[in-house]
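There are 2 protein chains.
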Amino acid sequence: MVNVELFRDGGDSREVKAGETIFHEGDEGKVMYVLLAGSVKLSVTGRQLEKLAKGAVFGEMALIDASPRSASAVALTDCTLVPVTGDRFRDLIRRDPQFALDIMATMAARLRSMDRRI
Amino acid sequence: MVNVELFRDGGDSREVKAGETIFHEGDEGKVMYVLLAGSVKLSVTGRQLEKLAKGAVFGEMALIDASPRSASAVALTDCTLVPVTGDRFRDLIRRDPQFALDIMATMAARLRSMDRRI
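From first to last, the protein sequence lines stand for chains A and B.
The opening position of the first sequence corresponds to residue 1 in full-length UniProt numbering, with each subsequent residue numbered one higher.
The opening position of the second sequence corresponds to residue 1 in full-length UniProt numbering, with each subsequent residue numbered one higher.
There could be a bad hint or two in this list.
What the hints assert, rightly or not - Here are the simulated lysine-lysine pairs, DSBU-like style, with alpha carbons at most 35 Å apart:
1) A:Lys-30 <-> A:Lys-51
2) A:Lys-17 <-> B:Lys-54
3) B:Lys-41 <-> A:Lys-17
4) A:Lys-54 <-> A:Lys-30
5) A:Lys-17 <-> B:Lys-51
6) A:Lys-54 <-> A:Lys-41
7) A:Lys-17 <-> A:Lys-41
8) B:Lys-17 <-> A:Lys-54
9) B:Lys-30 <-> A:Lys-17
10) B:Lys-17 <-> B:Lys-51
11) B:Lys-54 <-> A:Lys-54
12) B:Lys-30 <-> B:Lys-51
13) B:Lys-17 <-> A:Lys-30
14) A:Lys-17 <-> A:Lys-51
15) B:Lys-41 <-> B:Lys-30
16) A:Lys-30 <-> A:Lys-41
17) A:Lys-17 <-> A:Lys-54
18) A:Lys-51 <-> A:Lys-41
19) B:Lys-17 <-> A:Lys-51
20) B:Lys-17 <-> A:Lys-41
21) B:Lys-54 <-> B:Lys-17
22) B:Lys-54 <-> B:Lys-30
23) B:Lys-17 <-> B:Lys-30
24) B:Lys-41 <-> B:Lys-54
25) A:Lys-17 <-> B:Lys-17
26) A:Lys-17 <-> A:Lys-30
27) B:Lys-41 <-> B:Lys-51
28) B:Lys-17 <-> B:Lys-41
Hints were generated in silico from the structure; no laboratory data involved.
Given the structure is predicted, the values throughout are model-derived calculations rather than measurements.
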C-alpha cells in the first residue's frame, strides 16, 4: 500500500472496465500502476496470486529490473489507475523514502505469500 | 547486489564459519546482512531457494515488515558479513536512492524465481 494522495488529481488517471486485462504475463512493461479505486486480480499462468484493493501498487517489477511482466493483471471491477513511469518512480524514491519502504513492504508481502506456496 | 563499499571498514563486520547457521526460518529478525565475502545458502523448509555471493543482501524482509525470518540462512563457506540494523537501513534509503533500488532489485529477482516455482 502506498499513500494514494501522492497520485490523486494529477490528471493522469485512467479508467478500466471490469474484466479488462491491464497487462499480460510476458508483456514488456514501461509503467507500474497505483490503484485508486476498484479491485484487480494478479495471476501467474492462470493461478490467482493476489487480489488488490485501493492503495495497492502493481507492475513495479518491470520498472525495477526491466524484465517482462511476471504476472497478468485483470480488473475485477471498474477501476481507476494511475500509471507511473520509471522516471517518476525513481523520482518518488529520491523524494520520499517512505514510498520506497512502502514498495518494499508490498514486495515482502508477495514474497512471504510465495514462500507459503512452495 | 548492493555497493559493498558502503559497508566496508565500518569495524562492524562479523566472521561466520562454513556450516554455521546465520538465522533460522521463524526467528525474530532485528538486522539484515550484507555479504562481503563467502557464500550463503537461503532455504525454506529445507529447500534451497538461492545461493548468495559477495554483494548480496539477505534478511532484509524482517526489517521491512517486522515479521519473523521467512527463510533460513547457512554459511556454505567461511563468510564475512555486515549486520545492518533497521535504523541504519532506513538511513541508507534516505541518503542513497540507489541502495533502495538495489534492495528492490534483489527482491524482484526473488519474486521472479518464486513465480517460476509455483
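Go through the numbered hints given earlier and state which of them the structure violates, listing their numbers in rising order. 2, 3, 5, 8, 9, 11, 13, 19, 20, 25
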